[in-house]
Amino acid sequence: MAAVRRLSAVPIRRCHPLLLLRPFSSAGSEPSITVETSVPFTGHKIDPPSRSVETTPSELLSFFREMSLMRRMEIAADSLYKSKLIRGFCHLYDGQEAVAIGLEASITKKDAIITAYRDHCIYLARGGTLVEAFAELMGRRAGCSKGKGGSMHFYKKDSGFFGGHGIVGAQVPLGCGLAFAQKYLKEGTVTFALYGDGAANQGQLFEALNISALWDLPAILVCENNHYGMGTAEWRAAKSPAYYKRGDYVPGLKVDGMDVLAVKQAAKFAKEYALKNGPMILEMDTYRYHGHSMSDPGSTYRTRDEISGVRQERDPIERVRKLILSHELATASELKDIEKEVRKQVDDAIAEAKESPMPDPSELFTNVYVKGFGVESFGADRKEVKAVLP
Amino acid sequence: MLGIARRKVGLGLFRAPILQERLHRVLPAGSVLSKKYSTSAKEIQVREALNSALDEEMSADPKVFLMGEEVGEYQGAYKISKGLLEKYGPERVLDTPITEAGFAGIGVGAAYYGLRPIVEFMTFNFSMQAIDHIINSAAKSNYMSAGQISVPIVFRGPNGAAAGVGAQHSQCYAAWYAHVPGLKVLTPYSSEDARGLLKAAIRDPDPVVFLENELLYGESFPVSAEALDSSFCLPIGKAKIEREGKDVTITAFSKMVGYALQAADVLSAEGISAEVINLRSIRPLDRATINASVRKTNRLVTVEEGFPQHGVGAEICMSVVEESFEYLDAPVERIAGADVPMPYSANLERMAVPQVDDIVRAAKRACYRAVPLAAAA
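Just so you know, the protein sequences line up as chains A and B, in that order.
Quick note on numbering: the first sequence equals residues 1 to 390 in our numbering.
Quick note on numbering: the second sequence equals residues 1 to 377 in our numbering.
Looking at chain B on its own, in the form it has when it is part of the complex:
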């Protein structure tokens, strides 16, 4: 009896030696199992993040309602509004006919009266049918009426390329909407972005264009307990430094943030420390954060999925030239979607959208690292 050793396990609960050994390898010495559980972040998909944001804001304010194609009974074309019809009823979750100009106008009119509509476009490609209401009826009204008619509306939906959906279903509208004074344009990347920015957009008294990304809906990201709280909100107009670095700044938004982070990993293996900025907000653009970063790194690569001409990168480049010219050690590099309508065939589509390699190559050029020249088309 006395020969049986009872090992004292720091964890208190586990007697099995094999398990204990395994746990010792997993945990740092001296740590308690319960501590590990409280620091492990919960992971949620972007679609769940958006759904919870919609749910919480609809619950908090009875004036908030959701309108769009298939948002109700179908549970959302991409299941973003799942469960909301059942919870809030058909007066607050409204399935519309396929008439974007009509229902966007109705949404703006409801906002004029004081309600807080969320108008979903199945993709932002279809927003072009309603763009007069977004710009002329929503964005400009507060100004034209000298503050009498404010428009607390959110236009949301997937933006940019999906996979294999062709030219009419793949355009990025960030530059178009960010062009217009009176609008706010947000581009979440992670689940935390999705939650915080959507909640901020719904609470905001101005018209907000909320550009999601279909390919990100299914991606999971860790979220802190703070981000899961129903009062969580991210500030509009503030970018996030996703990864600190000192050699080159890479700006990106939406799906391209993930690519930029991957590029930063590749670059770091080659001794280039890239700072990745997740823009989060295209209008207002966080020029302060971008310029502070460029003043630190002296080199800039802008990344976006949309067409290059008159794009977001062009504005960022100009902002840096205006405010931080003396700090630039190299010309600003721009990575964008190809200047062609989106092709269908997979190999051409891959060429039409920025890839991690493109970002790495541009960063190296900005750092004057030798790179093989691209084959001319």
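Here chain A stands alone, though its shape is the one from the complex:
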């Protein structure tokens, strides 16, 4: 049970739950709440941060709202996939929302995030809209990649989200490259390169980590350990599944990834560390309720009891709900109202996304190059279909 301390005798002001406030506390106008993380942090070659985390009522409420929005989005995507409006690959993030939200709580849009293909919620956390997400999933013009990327290729460069990558592990060296550029340009920002327990064994990760450590790059490698790389449990894939230790000479921290405040604390700690000392690893102990993708039921390699057990004991949204209720920041019915609003937001976004048309056929040939020099490009039958690349 989380230990709770109220800081002052002043009664905690009840925040209107419909107010979507940014999760940073303005000094003096909101009481600060200190919460202990569910479990302490475990460090590898580093002293872990304190498990007491500062937060505010508005931050907790925004956590609740945003995680509920993500949860709803992913569940809606499941239905859309089953009705064949989404095709190909669809990797859902429900269960892991605390990682996306907790990271954002400690960083700015000038910091960079890069991840693999389970990217819908990270996109949202970085400022992407529901309409752009659903439209992209359905391959429509209004999509964030204009329908040309799909589920695995969401990007939002103007707020530091660099995708959205389909090749397992490739995003880690790319993320270290982002950190290289941030250091080169002296920007005082960091990059979080997210990867899964499946990618944690990739050689290129260690190559990039070696270079990052040699060159003191402000790169934070975040292993979202949901314990299964597709259908392979971590103990079958890794001789050492203590991913926070796998950096060897690079320090690491093990974090309860289902506890948004723990994630927030770890991200803040890691950012401060990386700006001064170079790379570190964060291992987020998290869980995905869905299978690896929509073509995987997710129950052939794990028991339904395990899944429902995590949902009951560790669900990130439920944890925040309990915190809000126990601090009397909102009533249970106010929280239910938020959930209803969120559901409506998602339904409206889907309806709007469905209105968006498919891309124009001419888009087949756009964006091949930034500068095409008027070069010709060809369709399947080049006597029928060809284009000039601008």
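If you're looking for bench data, these hints aren't it; they were derived computationally from the structure.
Hints should not be assumed to be uniformly reliable.
Cβ-to-Cβ under 10 angstroms is the rule here; a few derived chain A residues that face chain B [what the hints assert, rightly or not]: (1) 40; (2) 165; (3) 175; (4) 180.
Label-pair ranges, simulated between beta-carbon atoms [to be verified]: (5) A/318 / B/90: 30 to 36 angstroms; (6) B/326 / A/127: 55 to 61 angstroms; (7) A/351 / B/89: 55 to 61 angstroms; (8) B/89 / A/235: 52 to 58 angstroms; (9) B/218 / A/384: 45 to 51 angstroms; (10) B/241 / A/383: 24 to 30 angstroms; (11) B/166 / A/383: 39 to 45 angstroms.
Simulated pairs of lysine to aspartate or glutamate, EDC-like, Cα-Cα distance not exceeding 16 angstroms [stated by the list, open to error]: (12) A/148 / A/360; (13) A/322 / A/36; (14) A/386 / B/322; (15) A/82 / A/296; (16) B/238 / A/36; (17) A/383 / B/323; (18) A/186 / B/265; (19) B/296 / B/329; (20) B/364 / B/323; (21) A/383 / B/329; (22) B/79 / B/219; (23) A/110 / A/158; (24) B/63 / A/187; (25) A/386 / B/323.
From the three backbone atoms N, C-alpha and C, an ideal C-beta is built for every residue, glycine too.
Please build the complex by placing chain B on the supplied structure of chain A, with the hints as guidance.
Chain B only, in chain A's frame:
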């Protein structure tokens, strides 16, 4: 006193009669010595051309940086980056560990953020360790992101056969990389090509694979004053007609351009006028120049160093069949490396790489000139 003849020398300076006589033989009548100096081209080695291009582009744009094995303190495995570490410092000239996948990925990530990396592969054989980043992370990103993520990166290094380095160090990757939409693939031959194309590649906003050739690094070529200017750039996607001709077109790139020019000399002594095209750019391929030439000569020989199957010549042949079929008077001939891994022994290696004789023979076949049949293997 009066008997001593003072010859008036048109050159003004030289009184010595012997020297004057010698100069008269060297210079066309009436020319002034200073005119001769201004028309004589400066010659520079390809490695110097590349070095100067890197230097100028790094000087012009602080976002350009160079990364690769031994590029810094060692001055470059082939001395292409000589002097750059000293001039630009370790933040812009970075020695990497021997981890191609890692550092190529880091380069692409830096390009995503807006820097302009030049990633050197010690040879393109090692690029295979990083090929996922070149193709999936670099070439396709602008398309997948509908223009949000552009990748202004250059991957450069020696490509193709050197001398006696064996099977794992001799492959030509032109066809592999030119296969991929989203990449630009350049193959300089001369020093002017090296300068102009490398500068264009570094300035280009798209990922460029820049295939050099180790055996060309030490060769000298004349360069014009224009080519030595720091603003000099060659257009990407345009081939150069190295030698005009009217009987047969020979396309080549990189080292094979030199061989094709030699073949053209041999052919011309036999009355065949060959037009030699230096492709310069494999992707985009200058189909217009190639087809215009074939429409003029009606015969084509494609030359490349790499393996024949699915090679550059196959694409050129198809392009000509598609666009200029009625103009062909003979089947297209293809000269390529032997369809075997590169052997070490010198005699076998010579057989594994095209020679001038091969190009001459193929050109004659295309011109229906009698040639002795090759001995069957």
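Structure-based check of all given hints:
1. The interface hint given for residue 40 of chain A is violated, since its Cβ lies 33 angstroms from the closest Cβ of chain B, which is over the 10 angstroms cut-off.
2. Contact between residue 165 of chain A and chain B, as hinted, is supported at the beta carbon level, the nearest pair being about 7 angstroms apart and thus within 10 angstroms.
3. Here the hint on residue 175 of chain A is kept, as its CB sits about 6 angstroms from the closest CB of chain B, short of 10 angstroms.
4. The restraint placing residue 180 of chain A at the interface with chain B holds, with a minimum CB-CB distance near 5 angstroms, inside the 10 angstroms limit.
5. A hinted range of 30 to 36 angstroms for the beta carbons of residue 318 of chain A and residue 90 of chain B is inconsistent with their spacing of about 51 angstroms.
6. As the Cβ distance of residue 326 of chain B to residue 127 of chain A is approximately 58 angstroms, the hint placing it in 55 to 61 angstroms holds.
7. Hint check: residue 351 of chain A to residue 89 of chain B, Cβ distance near 56 angstroms, so the stated range 55 to 61 angstroms holds.
8. Between residue 89 of chain B and residue 235 of chain A the C-beta distance comes to about 47 angstroms, which lies outside the given range of 52 to 58 angstroms.
9. The hint said 45 to 51 angstroms for the Cβ distance between residue 218 of chain B and residue 384 of chain A, and at roughly 49 angstroms that hint holds.
10. For residue 241 of chain B and residue 383 of chain A, the hinted distance range of 24 to 30 angstroms is satisfied, since their beta carbons lie about 28 angstroms from each other.
11. Here the CB-CB span from residue 166 of chain B to residue 383 of chain A is close to 44 angstroms, well matched to the stated 39 to 45 angstroms.
12. Taking the CA atoms of residue 148 of chain A and residue 360 of chain A, the gap is near 11 angstroms; set against the 16 angstroms cutoff, the hint holds.
13. For the suggested pair residue 322 of chain A and residue 36 of chain A, the alpha carbons sit about 13 angstroms apart, so the restraint of at most 16 angstroms is met.
14. Distance check on the hinted pair: residue 386 of chain A and residue 322 of chain B sit about 13 angstroms apart at the alpha-carbon level, within 16 angstroms; holds.
15. This hinted pair checks out: residue 82 of chain A and residue 296 of chain A have alpha carbons roughly 12 angstroms apart, not beyond 16 angstroms.
16. Of the pairs offered as hints, the one joining residue 238 of chain B and residue 36 of chain A is violated, with about 66 angstroms between alpha carbons and a cut-off of 16 angstroms exceeded.
17. Between residue 383 of chain A and residue 323 of chain B, the direct Cα distance comes to roughly 10 angstroms. Compliance with the 16 angstroms bound is thereby established for this hinted pair.
18. Taken as a hint, the residue 186 of chain A and residue 265 of chain B pair is broken in the structure, with Cα atoms around 57 angstroms apart against an allowance of 16 angstroms.
19. For the given pair, residue 296 of chain B sits about 11 angstroms from residue 329 of chain B by alpha-carbon distance, which is consistent with the 16 angstroms threshold.
20. About 23 angstroms separates the Cα atoms of residue 364 of chain B and residue 323 of chain B, which puts this hinted pair outside 16 angstroms; it is violated.
21. A distance of roughly 23 angstroms separates the Cα atoms of residue 383 of chain A and residue 329 of chain B; the hinted pair therefore is violated under the 16 angstroms criterion.
22. Between the alpha carbons of residue 79 of chain B and residue 219 of chain B the distance comes to roughly 14 angstroms, so the proposed pair stays at or under 16 angstroms and holds.
23. The suggested pairing of residue 110 of chain A with residue 158 of chain A holds, with an alpha-carbon distance near 9 angstroms, which does not exceed 16 angstroms.
24. Pair hint residue 63 of chain B plus residue 187 of chain A holds up; C-alpha atoms about 14 angstroms apart against a cutoff of 16 angstroms.
25. A threshold of 16 angstroms between alpha carbons decides the hint, and for residue 386 of chain A with residue 323 of chain B the separation of about 14 angstroms falls inside it, so the pair holds.
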